[in-house]
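Residue numbers (our numbering), protein chains in the order written: chain R, 54 to 683; chain V, 28 to 455.
Each hint should be verified, as a subset may be incorrect.
[As the list claims (entries may be wrong)] Short, incomplete list of chain R residues facing chain V, as computed with Cβ under 10 angstroms:
#1 Ile77
#2 Ser122
#3 Thr151
#4 Gly157
#5 Arg161
#6 Ala313
#7 Glu322
#8 Gly420
#9 Ser423
#10 Thr488
#11 Thr490
#12 Asp493
#13 Pro530
#14 Pro532
Because the hints were derived from the structure by calculation, they are not lab data. This one's a predicted model, so the numbers in the text were calculated from it and none came from an experiment. Glycine residues also receive a C-beta, built at the ideal position from the N, C-alpha and C atoms.
Spelled out from the first residue to the last, the chains are:
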Amino acid sequence: MTALLLLLSCERQPAPTNPGNVVIRRLSRAELDHAARDLFGTTLRPGSELPADDFALGLDSLGPAQTFSALHLEAWERGVDDVLDELFGEGTLPVTLTSIEAEGPDARPTSGAVREGNAWALWEEGEIAATFFVQTAGTWRFDALTEGRAALLVDGAPWAGAEASSWTLALDVGRHELAVAWVPDGDGDELIVDRLELTGPLDAPRPANPNPGRVLSCDPAVIGEPECAEQVVRGFVRRAWRRDPAPSEVADLLAVYGVARGAGGDWSEGIRAALKGALLSPWFLYRVELHPVEGASRLSGFELATRLSFALWASLPDDRLLDLAAAGSLDDPGVLRAEAERMLLDPRADGLVTELGGQWLGLRGVGEASPSRERFPAWDAALRDALEREMHADLAEVLLGDRPLTDLLLATDTTLEQRVATHYGLDPDDAWPATATLADRPGLLGRGGWLAATSLPDRTSPVKRGAWVLDHLLCAPPPPPPEGVPPLTADPDGAPTSLREQLEQHRSDPACAGCHVRMDAIGLAFEGFDATGAARTLDDRGQPVDTRGELDGRPFDGPPQLAVILAEDPAFLDCAITWTFTRAVGRPPDERDADVVDELRTALADGDLRYRALALALVDSRPFRYGSSP
Amino acid sequence: MTSRRSVLRGAAGAMLALPFLPSLARADDRPPTRLVFFYVPNGIQKDWWTPDREGPDYDLKAITAPLQPVRDQVTLFGGLENRNAEDEVPGDHARGTASFLSCVPVRRTAGADVSAGVSADQVAARTLGRDTLFASLQLGVAPGGNTGDCTAGYACAYTRNISWAAPDRPLPNQTDPRLLFERLFGAGPGVDADTARIRSIARASVLDAVLADATALRARLGGEDRDKLGQYLQSVREVEQRAGALGAACDAPEPPPAGLSFPDHVAVTNELLALALACDLTRVATFMLGEAASNQTYDFVGVPGAHHAISHHQGDPKNLADLVTIGRWEVERFVDLVQRLQAFPEGDGTLLDASLLLFSSEISDGDLHDHRDLPVLLAGRGNGVHAPGTYRDEGGRPFADLLLAMLQGVGAPVTTFGADGTDPVWLG
Chain R
54 MTALLLLLSC ERQPAPTNPG NVVIRRLSRA ELDHAARDLF GTTLRPGSEL PADDFALGLD
114 SLGPAQTFSA LHLEAWERGV DDVLDELFGE GTLPVTLTSI EAEGPDARPT SGAVREGNAW
174 ALWEEGEIAA TFFVQTAGTW RFDALTEGRA ALLVDGAPWA GAEASSWTLA LDVGRHELAV
234 AWVPDGDGDE LIVDRLELTG PLDAPRPANP NPGRVLSCDP AVIGEPECAE QVVRGFVRRA
294 WRRDPAPSEV ADLLAVYGVA RGAGGDWSEG IRAALKGALL SPWFLYRVEL HPVEGASRLS
354 GFELATRLSF ALWASLPDDR LLDLAAAGSL DDPGVLRAEA ERMLLDPRAD GLVTELGGQW
414 LGLRGVGEAS PSRERFPAWD AALRDALERE MHADLAEVLL GDRPLTDLLL ATDTTLEQRV
474 ATHYGLDPDD AWPATATLAD RPGLLGRGGW LAATSLPDRT SPVKRGAWVL DHLLCAPPPP
534 PPEGVPPLTA DPDGAPTSLR EQLEQHRSDP ACAGCHVRMD AIGLAFEGFD ATGAARTLDD
594 RGQPVDTRGE LDGRPFDGPP QLAVILAEDP AFLDCAITWT FTRAVGRPPD ERDADVVDEL
654 RTALADGDLR YRALALALVD SRPFRYGSSP
Chain V
28 MTSRRSVLRG AAGAMLALPF LPSLARADDR PPTRLVFFYV PNGIQKDWWT PDREGPDYDL
88 KAITAPLQPV RDQVTLFGGL ENRNAEDEVP GDHARGTASF LSCVPVRRTA GADVSAGVSA
148 DQVAARTLGR DTLFASLQLG VAPGGNTGDC TAGYACAYTR NISWAAPDRP LPNQTDPRLL
208 FERLFGAGPG VDADTARIRS IARASVLDAV LADATALRAR LGGEDRDKLG QYLQSVREVE
268 QRAGALGAAC DAPEPPPAGL SFPDHVAVTN ELLALALACD LTRVATFMLG EAASNQTYDF
328 VGVPGAHHAI SHHQGDPKNL ADLVTIGRWE VERFVDLVQR LQAFPEGDGT LLDASLLLFS
388 SEISDGDLHD HRDLPVLLAG RGNGVHAPGT YRDEGGRPFA DLLLAMLQGV GAPVTTFGAD
448 GTDPVWLG
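Bound-form chain V, shown alone (with noise of 0.2 angstroms):
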């Protein structure tokens, strides 16, 4: 029971009390990098996050005000965008989201044929994500609609997804916390070890026929339906890799409840994801508070309109302050989740000091609808590639320069990023 309360009450640390992962250690004794990627949708009010004062001394805004208790392990940017989301016609929101970690200009399409970029998380996951369960993990709370009606001529493959594999491969996110928490621990207890062992063999098997009955009835094919059971091919492959690893390094905690409110649905998620990190399962995850142009309401803190219809608030006074707090209420989910990782503790350190999370939204202002000074937070050290405790006005250069520096800083071997991504910013 107290292992069920944590998972919805935040003490990440007294639930599981994780010893050393000697698996974590590596030649130069240093725990592994992880890489967090947070979008929040629908912009930020920079009139309540942007400090008055550079440096360590930086104030805090209505909307940034939960970073106190971890601001010295977190740093403000300003002055970074992402102009490749940018075009002569509407479609911001699915522009920015899309791009958003592939910093590419994407093809407008209602559809059949989306074309983005390779996103940093993939690219990090090739350098990061080989030793682990999972190359990467993709999450989020929003199931995405049963509706094609998406934004403005623009797929909503666009709309739902940041992590992106290939241009024409959007990674979709996972939504439901009991499926995640199967991939992550198994299912758990159900059946009995001996029925278990039994299954996982008889899987592995039933992965070599389909595998098999795949790459025989793609030799039959052609055009693009060669490109689509290649997709299919590459996911078995994918699965069959993991087959049989599961739970080598934690202790399964309890499964999360079905019927999470979305609060719930959000705590549960940064808690899984932080075990994941923990138990080094995966050490690259997106995770998207809402899909772009989301129009979720926040009845629970008193905000009972539309957040994509109230972000287009035309200056109303009433609108703003709604905005404030909804941008509180993201930044507390933020802070909760690096909380949580610096429960964690990992060699001399603790697990945030092991990662970099970046925190960022596909638009700025929701009223502008730009794509210039996004509101951006980067925490943790990422083993000491990043001092963070300070504010930084970049006075307006690319968002892709700190995303090629984090990719830098975990050591993907990359000298640019993106279409305009090439002057890695500095982290400190």
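Pulled out of the complex, with its shape left as it was, chain R reads as follows (with noise of 0.2 angstroms):
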């Protein structure tokens, strides 16, 4: 039997699948920024104008979800103006503005200051201080919205100069305290202070383009205008458009360079307006792959390179890559294997932890988490980003580096900086940064940014907790919940209840039983973890946290355990083939690529576990390969 199998299937010459028609895909936010980047050298980040992208399967990068409207495209071209500023040195830094309400938690009343509704009144002595943080020196503008005039105080000494409700100062960068104090005043002894406002800065240039030869990469005075405006135009177009550009359309670009000189414009008035055209080009904002035969047909070189480079950096390709495209080197599995190496070991293989791992693994949710500053007043912006490089560095070392993927759930080992040692509850005088062991914070379930971000901001959700590993983890999304659930309702002899008591209703209810099993028993495993992500022993009602649970007949009892059943759920390495083939190939793998996930899985056990393994192996595989006409 199973040697007529062997026979019968070295026999057959299996039929190529269809690779299946991929929907034409916009580049997301995060790749125009990326993008950005790559041609310009820019840090600006100009696809953070467009509005929120759309997502289908968890995933920005996919083309049937995403929409386009006018307000895209002049979001897109504010943020391409933004870029050419720079790059020709112009325009000027965002005034940004910080307001503290008096009455709000960062402002310091100190004695003599009386609450007054919405505002703090000073009665014939007082002040009242907050601390802005100035990023750039400058002239910068304060305003204490007031009713009468206050004396001013910088960084504790009285400031030189008369009395009002708004001063102009130059501040330099750091921490700066202002306050305001009572002052004698013809009109009344009372002082109301409503907020106190920051403005600036008011005179600061932008910082210029670190590297504008890159793409300005001639001199006109010494080439002729014309010639290096073409040198730059076809230039820059083969990068934008990852292809070498036709002739006609280099051409239609300079015409546009000849429309703003023949208006008057200089020289880089003409390029600045051609950049601008290349840069809102379809070419430029859409991935196109044609199809030159009905049916299925391997993708062309440049279409290949651009595929790759999206998959292992989510940007643009690079020279190199575009070389070897257009020489048709890339159609050698040997070199395309080279080059996807080679670009797995490039700082802009970081796209892949912040867009894969961002999306897949949770990294984006880190910069949403918001737990209630009243609730949590440890936490600030600074710990959560914090806690973001944290998650982005243990994401990193299995991505991108030789540990196996099941470390994502079980590396127990990671590097702190002081601030996220603190909040784990270790000594802050002890030499941060420094890695640690910490064996009850195994992977990136343990990860404070995790538990942040899938938590509500004023208490942990088991529940969001629950579905978010069954979703992300082992690709088995929980359906929602019928309809027609009573929602948890407290105890009615209203003694204190757990949650866990709570959730106890969910799986005594056959209508919710099905997905709560699985869900509760993994949200509750977390449960000795705050919204924070903070170490707990109480829970949010101030009952004592209990961590054990049973998933698929396995006992366990607290994250580590969970970790470790987790980790060997095959559908643990399965979830990780799905998302990156779809992201990489821009579809969903169905039925039809059943071999080519048996091949991926194969390869993944043969590469010691490594994602360098599976990426490769995709990358070689036909799906990514080729495509197919609608």
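Mind docking these for me? Both chains are given alone in their own frames, and the hints should help you get the complex.
Okay, structure coming up:
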């Protein structure tokens, strides 16, 4: 029987499966940012101006869900203008406003201040102070929205100037304490302070592009204005459009250059217009894959280079890749693989961490975590950013390093900054940053960033955490709950109940049990961590934390034991394959890809579960290298 | 400095002394009618909303108390429902939002093939939007998440958008005040007039070039790719039509600063919206005070919890008190907009007299999650089509009937609206 099957499989050459049609993909906001970085060497983020991307299957880079509107175009144009201002050394920094409510938690009234409605009143004495962080040295305007005049104190020292309610002052980079103080005033003895505001910088020029020669590759005074314009435009369009432009396409953009010149603009104005034309073009904004024949066909070299660079860098191909594509070398599987290996070692492979890791593994959620400041005073933007950096570094070690994929769940070593170490309950006086072994916080599910991102602002949500794990790590998203389920209710006797006891209601109801048995068990394992990811022994209701549970017949207690069960579940690796395939190819794997998925499983196993092995095998696969007409 | 403060402090009238704009006068010497749809997320607690008495003598409750100074400019409607958002499965917030202004059932999908209906603002824009720089504006304060985890198997497109140009084409909200300002009033000073002129000419050439690129490319594509490029083409044409027409009616006020707090962000958006209407840059706008099932915290009025989580209040007195606080704050924001419109004289009355402003939410009670007896306010006179100042219980009829009445009031040639709007509500 076995021999017969072997014989059959050897003898029968399977017909190549249809690689499937992929709907045209617009560059996501993040991809636009990366493309601007690679084209211009800028740190501006013009893509962030666009409206939020539309998602399908948890990803922002899939064609079917993406939309486009006039607002998208105008927002992108605004971002492009900023980048071009920087390239040509024009423009000023945007003015920001920091506004602090006098009665809010960030203002500090001294004695003599009396709360009056939504403001503070200073009655013949007293000050209201607030600390501002100034990011750019320059001229700033400080406004105390007051009724009456006040004296100003800067970093504790009286400001030499008249009493007023608005001051223009020079400030250095760093933290500054600005305070208004009561002064005797002709019309009444009371000073009402509503809020304190710092606006600026009022005069700071935008830093110039660090390397304008990357785009402006010639000197029009030396080689001639038209010649230099053509050289700049041709080179830029090749990078931006990821292919060699046709002579007529270059001519069209040079015509735009000519219009600006004809209107009285100088060479720079002409180039600015032509580059803008290239960046607003659908050839830049969309990843175009043309299908020269009906049905399946091999992608062109340039199309393949683009798939490769967006898969591994979430950005444009570099010149080397474009040159190989132009020469037809990427059709050689050896060359393709070598390029992929090179690219995974390049700093731009960080795009794999921020985009695939950002969406599949929840890194993006950290930046959106918003614990209530009132409920969790320790939480602030600095802690959030530090937690994000920690998770980013951990994910990078697995996706780009030599660690097995299961370390996403199991790794107990992590590098901590002081702020994170303190948050995790370690001694702030130790030498940080340093690598620590945290057995209680295994893998990404032990990271404060993930724990905060899967919480509500004022409490944890075991259901949210459990659903996220099922959806993102096991690719088994729980279906929405049935309609008409009564909400969790408090104990009718009024006795305090733990969330666990409340969730028991789910499991005792057969309509809910199917999903909640797994979801709640997973989520409750993390109850030892609050909505900011800090360890705790009492839950949000003041009840002792209980992290025991059972998943698919295997009992566990807490994250470390749960992580082992998840890491041993074959669905975990299959889920890694699904997310990787979907994002790189542009559609999810389906029945026709069963053989390919098998090959990817094998490659992963043979590669000691290194993510690199999966990425390289996928790049070599037929769905990645071929396209199909609709 | 004065004008900057007014951006934040609500003195819209003091900021711009607008002359009567001759461009606004029509043949019958009446200013054009404006429509605003104001959306708040997560419902409203009706116990602190619904008056006891019908008619002009209606009583204000804890949430509606901020209406006091404008009560004669507002009608409270009870008994209006959007049954199109009902379904056997969860997703009430997503359905209620996507069908909020379209009043049709939406397709249940997590992203790839969204389908809702054409929203009332877009129907109105076909009539009101022909002569203005923007046929309509979509405003919001929630910039939208960077993650794809939205709600209950429904796409984020449903939870983020109330304005739909076509069943598969949601119009995203503009949430950045600076970009909104620049779209309305231009980028302002920064370059000299000559450079601005050169760039304006060059820009027209850029748009021509990309339009040609896109047209040629679209012809080489098939299937869904063709539709995607079609959206792009339509967008370029829309932008092209606007090119060069900026800043015609009003002097630009001082631009808003970046880095605004949430309440300031709302205040600035209200102000810019009022200016856009006063300057006749648009006559139709939507404003979402949050996305469906928003978990915004209202720390600044003493509510640190997550709005959506609190809205499943389970009768808990603390949750209910928090919801009253949030609801009242939301009504205050609506009243703020109403008063800004009231501050602009126009014709024989005010901008408010020429406008209709609708306030409502995607659901009614956050805990019941239902779409019946929606919290509905209608402000302004709409050039005489609406007699405000009463409470009317409509007794359980389609919300679409009210949208239909508003559309007919602005002269849109419609006899039905959505799936169930057939009998326009009487606006007095």
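These are the hints, each one checked on the structure:
1. Here the hint on Ile77 (chain R) is kept, as its CB sits about 4 angstroms from the closest CB of chain V, short of 10 angstroms.
2. The interface hint given for Ser122 (chain R) holds, since its Cβ lies 6 angstroms from the closest Cβ of chain V, which is under the 10 angstroms cut-off.
3. Evaluation of the Thr151 (chain R) hint against chain V yields a held restraint, the C-beta minimum of about 6 angstroms falling below 10 angstroms.
4. With 10 angstroms as the threshold, the beta carbon of Gly157 (chain R) comes within range of chain V, its nearest partner Cβ sitting at about 7 angstroms, so the hint holds.
5. Interface hint status for Arg161 (chain R): violated, as the beta-carbon distance to the closest one in chain V is roughly 18 angstroms, over 10 angstroms.
6. For Ala313 (chain R), the interface hint holds, since its Cβ comes within 10 angstroms of a Cβ in chain V; the closest pair sits about 4 angstroms apart.
7. A cut of 10 angstroms between beta carbons decides the hint on Glu322 (chain R): the least distance to chain V is about 6 angstroms, and the hint holds.
8. A least Cβ separation of about 7 angstroms between Gly420 (chain R) and chain V falls short of the 10 angstroms threshold, and the interface hint therefore holds.
9. The interface hint given for Ser423 (chain R) is met, as the beta carbon of that residue sits about 7 angstroms from the closest beta carbon of chain V, less than 10 angstroms.
10. Interface hint status for Thr488 (chain R): violated, as the beta-carbon distance to the closest one in chain V is roughly 29 angstroms, over 10 angstroms.
11. At its closest, the beta carbon of Thr490 (chain R) sits 30 angstroms from a beta carbon of chain V; the interface hint therefore is violated under the 10 angstroms criterion.
12. For Asp493 (chain R), the interface hint is violated, since its Cβ never comes within 10 angstroms of a Cβ in chain V; the closest pair sits about 26 angstroms apart.
13. Among the interface hints, the one on Pro530 (chain R) holds; its C-beta lies about 9 angstroms from the nearest C-beta in chain V, closer than the 10 angstroms criterion.
14. The interface hint given for Pro532 (chain R) holds, since its Cβ lies 7 angstroms from the closest Cβ of chain V, which is under the 10 angstroms cut-off.
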